[in-house]
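Colleague: Spelled out from the first residue to the last, the chains are:
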Amino acid sequence: KAGVTQTPRYLIKTRGQQVTLSCSPISGHRSVSWYQQTPGQGLQFLFEYFSETQRNKGNFPGRFSGRQFSNSRSEMNVSTLELGDSALYLCASSLGLAGNTGELFFGEGSRLTVL
Amino acid sequence: AQSVTQPDIHITVSEGASLELRCNYSYGATPYLFWYVQSPGQGLQLLLKYFSGDTLVQGIKGFEAEFKRSQSSFNLRKPSVHWSDAAEYFCAVGLGSARQLTFGSGTQLTVLP
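Protein sequences, first through last, are from chains A and B.
The numbering of the first sequence is my numbering, which starts it at 204 and goes up by one.
The numbering of the second sequence is my numbering, which starts it at 1136 and goes up by one.
Simulated from the structure, these hints should not be mistaken for laboratory data.
Here the structure is a predicted model, which is why all the values come from computation and not from measurement.
Hints are all accurate, no fakes.
Computed list of lysine to aspartate or glutamate pairs in EDC-like fashion (alpha-carbon distance at most 20 Å, straight line): (1) B:Lys1184 with B:Glu1155; (2) B:Lys1184 with A:Glu306; (3) B:Lys1196 with B:Glu1150; (4) B:Lys1196 with A:Glu306.
Could you build the full structure based on these sequences and the hints that come with them?
Modeller: This is the structure in C-alpha cells:
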C-alpha cells in the first residue's frame, strides 16, 4: 500500500511569507504527526492530529499551525516566515488507536528554504 | 526536563565489524524507546521499539537493542555491519505516547569497505 505522501518536496520562500505543507497518511491511519528537522535543533515534535482534532502540541510559536481533514489528510501552515524556519518538515502517520503504541510511518519530508 | 543523549556524533566502522550505538535518556519513568534510521534525502524508518517486557528487542535489518533500566540506556547493536547500513541513526523516547517523541541528536554511521 502507498506510504505517507508529502507535498511539495521542496520549496523556497522569502521572509514574511507563509507556507502550507500537505501530508497524506497511509490509508486507514487516523493520526498524523508533524516534526521539524534542522541541523541545529535536530528533530522536534510540532503537533499531532487525530480525527480532525489536535491531540498534542510541541513547543513552537503560534505561527505554526495545522489541521486535519475528515479523510485524515493534514496540512501545516507557517506564517510570517523567518530564516530559522528553514528545515525539513516530516509528517508521520499511525493508526492512532488507544494504547498509544502504534508505530510512526514517516514521509520523505518537505524541505523548506527561507531566503 | 526529559532528554535523550546520543554521545557519538559520528562513528566509522569497517564492513563486517560489529556496531554499538549508544543512547541514554533522562525521564522519571520508563518511556517508550525507539531507534530510527534515516538515509540521505529520506524520511525515518523504524528499526525497533521497546514498550515493556523482554529487555532485548530484535528489529529489522539484523539490529537489536537492549534496555537497561539501571543505566537509563537503550543501545543499538549489530553483529556485522553492511555497507548499506551507512546512514544516520536516531534514538527516540515517548512518555505516554508513541507519537509525541523526543529524539536524540543522531549518530552518523560511515561504513568503510
